[in-house]
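Enquirer: Keeping their order, the protein sequence lines are chains A and B.
FYI, the numbering for the first sequence is 62 to 174, going by our numbering.
FYI, the numbering for the second sequence is 28 to 140, going by our numbering.
Any given hint could be a false lead.
[To be verified] Once the Cα atoms are required to be at most 27 angstroms apart in a straight line, the calculated BS3-like pairs of lysine-lysine come out as:
1) Lys40/B x Lys131/A
2) Lys63/A x Lys28/B
3) Lys63/A x Lys131/A
4) Lys128/A x Lys40/B
5) Lys131/A x Lys84/B
6) Lys40/B x Lys117/A
7) Lys117/A x Lys84/B
8) Lys131/A x Lys117/A
9) Lys125/B x Lys103/A
10) Lys128/A x Lys125/B
11) Lys125/B x Lys84/B
12) Lys28/B x Lys128/A
13) Lys103/A x Lys28/B
14) Lys40/B x Lys63/A
[Stated by the list, open to error] Distance windows between CB atoms, simulated:
15) Ile79/A x Ser49/B: 37 to 47 angstroms
16) Gly43/B x Gly115/A: 47 to 57 angstroms
17) Gln141/A x Gln45/B: 27 to 37 angstroms
18) Gly111/B x Ile79/A: 33 to 43 angstroms
19) Thr47/B x Gly120/A: 20 to 30 angstroms
20) Tyr100/A x Asn104/B: 25 to 35 angstroms
21) Glu64/A x Pro88/B: 13 to 23 angstroms
22) Thr41/B x Lys103/A: 41 to 51 angstroms
[To be verified] With the Cβ distance kept under 7 angstroms, some of the chain A side facing chain B (calculated, not the full set):
23) Leu107
24) Tyr110
25) Lys161
Worth flagging that the hints you see were computed from the coordinates, not collected in a lab.
No residue lacks a Cβ here, since even glycine has one placed at the ideal position from N, Cα and C.
Listed here are the chains, written in short residue letters.
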Amino acid sequence: QKEVEQDPGPLSVPEGAIVSLNCTYSNSAFQYFMWYRQYSRKGPELLMYTYSSGNKEDGRFTAQVDKSSKYISLFIRDSQPSDSATYLCAMSDSGGSNYKLTFGKGTLLTVNP
Amino acid sequence: KAGVTQTPRYLIKTRGQQVTLSCSPISGHRSVSWYQQTPGQGLQFLFEYFSETQRNKGNFPGRFSGRQFSNSRSEMNVSTLELGDSALYLCASSLERKSSPLHFGNGTRLTVT
């Protein structure tokens with residue numbers, strides 16, 4: 062079983078739709094959870110950064126973490142064609158001597174005008 | 028503030044050669060990490076440097092090495108290149124090693140022929 066599982070998609074939605082992206086994980090030591098957006102030929106860009114369980118909202122983006130279910134989500138409201146990209150979930154544990162990110166494989170999202 | 032800068036952006040090498048990639052972190056960031064991204068394996072952690080010392084290493088052969096300079100700039104080296112080393116190599120920096128998100132550069136696309 063991979064440490065982080067992410068549906069690769071591809072996911073295609075019309076402009077204005079609500080998008081839900083998800084990851085599950087197996088390592089209960091993960092404490093920090095991130096979502097990155099990666100456009101073609103670019104590096105990953107940090108979208109959301111959360112610690113432990115709960116919700117965090119930033120504009121049209123909402124990140125949810127449910128540690129009891131080992132499940133994280135990213136919601137995009139009023140999706141725009143400019144949101145078309147690959148979305149990567151990432152997580153790390155809280156041990157300072159083992160600070161590294163474990164990534165999902167990424168979900169390719171296309172928002173159609 | 029300038030982001031993470033990686034040079035060169037593209038590189039073509041022949042099997043058996045060696046290559047050196049360069050990374051300049053965001054000003055003030057002291058931790059630098061390197062990741063390999065391939066379509067099959069996604070993003071995989073190579074190593075992390077902090078205060079000119081390698082603090083963590085991923086599951087890659089010894090042909091992959093790196094170093095960090097006193098100004099936090101980092102280089103990674105791959106010796107005796109193999110076809111399977113073709114990938115996007117991403118550098119990321121963070122302010123500290125713990126509780127601090129990673130910010131990525133746009134990567135160096137390495138093609139081994």
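Enquirer: Starting from Lys128/A, check that the Cα of Lys40/B is at most 27 angstroms away, please.
Expert: Judged against 27 angstroms, a Cα distance of about 44 angstroms means the pair is violated.
Enquirer: Does the Cβ distance between Thr41/B and Lys103/A fall inside 41 to 51 angstroms?
Expert: Since Thr41/B and Lys103/A have Cβ atoms about 27 angstroms apart, the given range 41 to 51 angstroms is violated.
Enquirer: If you draw a straight line from the CA of Lys131/A to the CA of Lys84/B, is it 27 angstroms or shorter?
Expert: It holds: about 26 angstroms lies between the C-alpha atoms, which stays within 27 angstroms.
Enquirer: Holds or violated: are the alpha carbons of Lys40/B and Lys117/A at most 27 angstroms from each other?
Expert: violated (44 angstroms)
Enquirer: For the hint on Lys161/A, does the least C-beta distance to chain B fall short of 7 angstroms?
Expert: holds (4 angstroms)
Enquirer: Is the Cα-Cα distance between Lys131/A and Lys117/A 27 angstroms or less?
Expert: Distance of about 17 angstroms is within 27 angstroms: holds.
Enquirer: For a C-alpha distance cap of 27 angstroms, please report whether Lys103/A and Lys28/B respect it.
Expert: Holds, at roughly 18 angstroms.
Enquirer: Does the Cβ pair Glu64/A, Pro88/B satisfy 13 to 23 angstroms?
Expert: Holds - the Cβ-Cβ distance for Glu64/A and Pro88/B, about 21 angstroms, lies within 13 to 23 angstroms.
Enquirer: Hint says 47 to 57 angstroms; check whether the CB-CB distance for Gly43/B and Gly115/A agrees.
Expert: holds (51 angstroms)
Enquirer: When you check the alpha-carbon spacing of Lys40/B and Lys63/A, does it fall within 27 angstroms?
Expert: Answer violated: Lys40/B to Lys63/A is near 32 angstroms, above 27 angstroms.
Enquirer: Take the C-alpha atoms of Lys40/B and Lys131/A, compute the straight-line distance between them, and say whether it is at most 27 angstroms.
Expert: violated (42 angstroms)
Enquirer: Given a hinted range of 25 to 35 angstroms, is it respected by the beta-carbon distance of Tyr100/A and Asn104/B?
Expert: Holds, at about 28 angstroms.
Hint violations for this structure: numbers 1, 2, 4, 6, 7, 12, 14, 17, 19 and 22, all remaining hints satisfied.
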